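Residues per chain, in single letters:
There are 2 protein chains.
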Amino acid sequence: MFALHPAFPPTSHELGSLPLCQVRLQLDARYSWLVLIPRVAGAVEIEDLDAADRATLLEEVVLAGGAVRAIGRALGRPVEKLNVGQLGNLTPQLHIHVVGRRKDDAAWPGPVWGVGTAEAYDADALAAALAAAKTALGL
Amino acid sequence: MFALHPAFPPTSHELGSLPLCQVRLQLDARYSWLVLIPRVAGAVEIEDLDAADRATLLEEVVLAGGAVRAIGRALGRPVEKLNVGQLGNLTPQLHIHVVGRRKDDAAWPGPVWGVGTAEAYDADALAAALAAAKTALGL
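Those protein sequences? They're chains A and B, same order as listed. Going by the numbering used here, the residue at position 24 of the first sequence is 24; the numbering climbs one at a time, nothing skipped. Position in the second sequence counted from 1, then plus 1000, gives you the numbering used here.
The set of hints was computed from the structure by calculation and includes no laboratory data. Each hint should be verified, as a subset may be incorrect.
Sample of chain A residues lacking proximity to chain B, with all beta carbon distances greater than 10 Å (derived) [stated by the list, open to error]:
(1) P9
(2) E59
(3) G114
Pulled a few chain B residues facing chain A out of the computed Cβ check, cut under 8 Å [as the list claims (entries may be wrong)]:
(4) E1014
(5) L1018
(6) G1110
Chain B is nowhere near these chain A residues, computed Cβ spacing over 10 Å in every case [said to hold, decoys possible]:
(7) A41
(8) A55
(9) L57
(10) G116
(11) D122
Being a predicted model, the structure only gives us computed values, none of them experimental. Every residue gets a Cβ at the ideal spot worked out from N, C-alpha and C, and that includes glycine.
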């Protein structure tokens, strides 16, 4: 039985579910950033998914990339590069980060993970980001 | 026509090619680390690959994960966690990092990219890593 790890809710907002993954907006206004969590109990590594789920996963990563670009446009900060990462060194439940990067962002050209402190969204920006992401994801 | 970006040869050693990707050993003895470069001209993001190549890509990522574990065993430092990253903020040609992590490694629990300076392999360890990776990859 799939259950979301308790580390996710305090740092991200649920957008809904695609065929494989729950999709969440990372609550860090510095970046257009989605997190995909395959709804497969016990999965830690990509190799823990079967081949069909792995194929679905990468399609959902591509879809999330489009949604990240949509968030960036909605917030007036168009995405210049996508970064995709599956780390899980701190939160073991399998999850994939899809992050929109810009040359003027807080961590460029390094990775975003572990750099500085998340900045809260203001209410208008959060609503715009959620709406843009949901439309792009068909949720 | 696919051509390898010149940033790769100074920092990695070619192991051979899978159906989609050229596979290279990252020349940093701190980590068991492979880099996959899809042999598709002009690809920058995962979305630049067609759906068939995307499915192949994730299978090659899983295969590379097994090879990274094999390198870790060969060097007496078994891998405890896999990290997969597609960044490309500095080198635009699409490439995917598959990195074996340990709680005692130089960057744990943060990401490896941009942390410290690569350490050269000594000749024996390099030969052992290359042999283990080639066997695991069937190359």
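Evaluated hints:
no., hint, verdict
1, P9, "20 Å, holds"
2, E59, "7 Å, violated"
3, G114, "4 Å, violated"
4, E1014, "24 Å, violated"
5, L1018, "15 Å, violated"
6, G1110, "4 Å, holds"
7, A41, "19 Å, holds"
8, A55, "5 Å, violated"
9, L57, "7 Å, violated"
10, G116, "12 Å, holds"
11, D122, "27 Å, holds"
The structure is inconsistent with the numbered hints 2, 3, 4, 5, 8 and 9, although it conforms to all the rest.
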